[in-house]
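Protein chains in written order, with the numbering used here: chain A, 3 to 168; chain B, 9 to 131.
Quick caveat, the hints were computed from the structure, so don't treat them as lab data.
There could be a bad hint or two in this list.
What the hints assert, rightly or not - So the derived label-pair ranges between C-beta atoms look like this:
1. B:I19 with A:E49: 20 to 28 angstroms
2. B:R24 with A:A96: 50 to 58 angstroms
3. A:R68 with B:I19: 30 to 38 angstroms
4. A:G66 with B:T104: 22 to 30 angstroms
What the hints assert, rightly or not - Below, a sample of chain B positions facing chain A; criterion: calculated Cβ distance under 7 angstroms:
5. E35
6. D37
7. T106
Said to hold, decoys possible - Computed footprint of chain A on chain B; a stretch qualifies when at least three of its residues, placed anywhere within it, have a C-beta under 8 angstroms from a C-beta of chain A:
8. 67-80
9. 90-103
Small disclaimer: the values here were computed from a predicted structure and weren't measured.
We put the beta carbon where it would ideally sit given N, CA and C, even for glycine.
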Amino acid sequence: MRASARAFPPPHRDDTGPGQDPGAGMDDMTEQIEQDRLFLSLPAERENIGAVRAAVDRVARGFGMREGARSDLKTLVSEACANVVLHAYADDEADKPLEVEMARRGEAVEVVVRDHGQGMSARPGPKPSSLRLGLLLVGAMASSFQLRSARGGGTELRAMVAFEAA
Amino acid sequence: MMSHLRAFKLIERDLRPGYREILVEGELDLAVADQLVDGLARAGAECRHILIGLEGCEFIDSTGIAAIVQAHNEFAERGGRVAVYGPTDQVLRVLTVTGLTSNGMVFEGAEEALSAFGSPGRA
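Bound-form chain A, shown alone:
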């Protein structure tokens, strides 16, 4: 899979609703749940992916999404987060934010998984077969998705998951 080298806008940390402190450190997970959206920011560590799945599942349940669709959503988000953990940052980087946004769009959920790492082309990952499987799963679970990456500008996966499979 080839990522386009389009630049994407800087993260809008200030539009995530009231109470979000743009200067907050990334050492701890921050989580905001409003009525119809979720914003999570946490260190890109493999141990944190389960917590993201749990949060996404809880919010999707609040949207009224049924178990099968929630399960697809969790699969997709998990793969996107794993990509960030494995590929976005160098091991010795101190600040490795993984951001997850989720909002209801009618009878679908839009989810955004974002990092502020080196972009997809900078460092090829050690396990291409797992990466290919991951993107295969993302494609199968999403009704549409878009991957944007810019050298030094991070990577952003934006996907829609329908309440009911088409």
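Starting from the structure of chain A, add chain B where the hints point.
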């Protein structure tokens, strides 16, 4: 704030000489997939066939799939087999999307998986 996650666990037992079963419990993802990789590598050194029980596996990601596929290839090189049984909904969906269900290595239950092992002539 964080939900409770059921602990990931692998339970290994030898069924009969040359046959080992690994039961996967909890969520098999990037955080823990190395444990399964290690368990499968150990089994590869000690057994001819391996049975992976997924009835208690609540979630699987691509790293779990990659571990199973890699073991499948390594066992096959030595004339052994890897069979997977008892996938729950999310796990079955991922096994299907990634093509493992069409490889003849996914079974409903342990008995069916074992009987597949029981015909040495079969591919």
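Verdict for R24 (chain B), A96 (chain A) (Cβ pair) under range 50 to 58 angstroms:
For A96 (chain A) against R24 (chain B), whose Cβ atoms are near 52 angstroms apart, the range 50 to 58 angstroms holds.
Going by Cβ atoms only, is E35 (chain B) closer than 7 angstroms to chain A?
holds (6 angstroms)
Checking hints one by one. Is T106 (chain B) an interface residue toward chain A, by the C-beta closer than 7 angstroms rule?
Nearest chain A Cβ about 6 angstroms off; hint holds.
Holds or violated: 22 to 30 angstroms for the Cβ distance of G66 (chain A) and T104 (chain B)?
holds (26 angstroms)
Just to be sure I understand the hint, the distance between the Cβ atoms of R68 (chain A) and I19 (chain B) should be within 30 to 38 angstroms; is that true here?
Holds, since R68 (chain A) and I19 (chain B) (Cβ atoms, about 31 angstroms apart) stay within the stated range.
Claimed coverage, the stretch 90-103 of chain B by chain A - three or more beta carbons nearer than 8 angstroms
The restraint on the stretch 90-103 of chain B holds, since 4 of its residues have a Cβ under 8 angstroms from chain A and three suffice.
I19 (chain B) and E49 (chain A), beta-carbon distance inside 20 to 28 angstroms?
Check passed, 22 angstroms falls within 20 to 28 angstroms.
Establish whether the coverage given for the stretch 67-80 of chain B by chain A is satisfied; the threshold is a Cβ-Cβ distance below 8 angstroms, and no fewer than three residues must meet it.
holds (count 7)
Status of the D37 (chain B) interface restraint (C-beta, 7 angstroms, chain A):
holds (6 angstroms)
Of the numbered hints stated above, none is contradicted by the structure.
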